[in-house]
Amino acid sequence: DAKTTQPNSMESNEEEPVHLPCNHSTISGTDYIHWYRQLPSQGPEYVIHGLTSNVNNRMASLAIAEDRKSSTLILHRATLRDAAVYYCILRTYGGATNKLIFGTGTLLAVQP
Amino acid sequence: DGGITQSPKYLFRKEGQNVTLSCEQNLNHDAMYWYRQDPGQGLRLIYYSQIVNDFQKGDIAEGYSVSREKKESFPLTVTSAQKNPTAFYLCASNARATGELFFGEGSRLTVL
Chain E
1364 DAKTTQPNSM ESNEEEPVHL PCNHSTISGT DYIHWYRQLP SQGPEYVIHG LTSNVNNRMA
1424 SLAIAEDRKS STLILHRATL RDAAVYYCIL RTYGGATNKL IFGTGTLLAV QP
Chain B
3 DGGITQSPKY LFRKEGQNVT LSCEQNLNHD AMYWYRQDPG QGLRLIYYSQ IVNDFQKGDI
63 AEGYSVSREK KESFPLTVTS AQKNPTAFYL CASNARATGE LFFGEGSRLT VL
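Protein chains in written order, with the numbering used here: chain E, 1364 to 1475; chain B, 3 to 114.
So here's chain B without its partners, still in its complex pose:
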């Protein structure tokens, strides 16, 4: 079945370590997104990419990095520069023509 796969679902890391969250989609979507969600809050946009080899900063890009080398993949690296990385991270994609956004199941990162 087509969809978006995020991994890992849960991740624990020590402070100061970089962490990479995986996001893969087989929906043939051009655009992909990374959002961060804190408890009781809405989603905040970290980075988005509308096409391979291109991406733009969202509202809270500091301390994060991404790449888009393949259409199917949009990994997010949480660097040691991110001051408060513990959060629920959501990846999404959509076909530009239709607009409906498809989300993965999320990755919950806890920094100890």
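So that you can see chain E by itself, here it is in the shape it has in the complex:
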């Protein structure tokens, strides 16, 4: 299974943009890049996903490198409610298996 690498922690100030990086150098052509975030003592929630092109939704933007070996989750204006652990994972569609492997994620601290 393709693995992802993320920094253990990052800090941001409220109202400023945040760029959360993820490396996935062994990504295959059929792997989608998914991002989830988890608040303390809660289940993770879906944030965004993409394959090759950059993606935007109401929560965030996803910038994918041209070679797809890295991606960046962008929170345009961080709020205190964005403080969470952010997971970058790879998801293969259409294969024999459908499991998702989570790493340890990036703990984002947002300062007021």
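Derived by calculation from the structure, the hints in this document are not laboratory data.
Keep in mind that the hints are not guaranteed to be accurate.
Below, a list of computed lysine to aspartate or glutamate pairs in the EDC-like style, where the Cα atoms sit at most 20 Å apart [as the list claims (entries may be wrong)]:
# : chain 1 : residue 1 : chain 2 : residue 2
1 : E       : 1366      : B       : 107
2 : B       : 11        : E       : 1408
3 : E       : 1366      : B       : 61
Which chain B residues stay away from chain E? Per the calculated CB distances, all over 10 Å, these [said to hold, decoys possible]:
# : residue
4 : 45
5 : 81
6 : 110
Where a beta carbon is used, it is the ideal one built from N, C-alpha and C, also for glycine.
Let chain E serve as the given structure and place chain B on it in line with the hints.
Chain B alone, transformed into the frame defined by chain E:
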């Protein structure tokens, strides 16, 4: 509203007792998953099921068992063979076509 319901939210058990955690979804999803999370760690996959009456071991299946007799239900039994069962357990499901993973609120098991 549609979603995933895990119960109980908190559970205390004595060492050597089997424990069954419930997971029910009304999202009509084919695939369901069980993850374990230890303090400060990411999620580790225990078991997953892509269709009724079928399931596969994840990365840490030893000491756990599951069943998938109905599409809506995927209970997890933590057996006495699990050496360190105290953890936060998360159930998830997704529609195979879309891929977005939906999580329950988790069950926190403490073995005394």
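Hinted pair residue 1366(E) and residue 107(B), Cα distance within 20 Å: violated, 26 Å
Verdict on residue 110(B) as a residue remote from chain E, using beta-carbon distances over 10 Å: violated, 8 Å
Exclusion check [residue 45(B) not at the chain E interface, CB over 10 Å]: Check fails; 4 Å does not lie beyond 10 Å.
Agreement of residue 1366(E) and residue 61(B) with the hint, judged by alpha carbon distance not exceeding 20 Å: Between residue 1366(E) and residue 61(B) the Cα gap is close to 14 Å, so the pair holds against 20 Å.
Reported absence of residue 81(B) from the contact zone with chain E (all CB gaps over 10 Å): holds, 22 Å
Restraint check for residue 11(B) with residue 1408(E), where alpha carbons must lie at most 20 Å apart: holds, 18 Å
The structure fails hints 1, 4, 6 (numbered hints given earlier, in ascending order).
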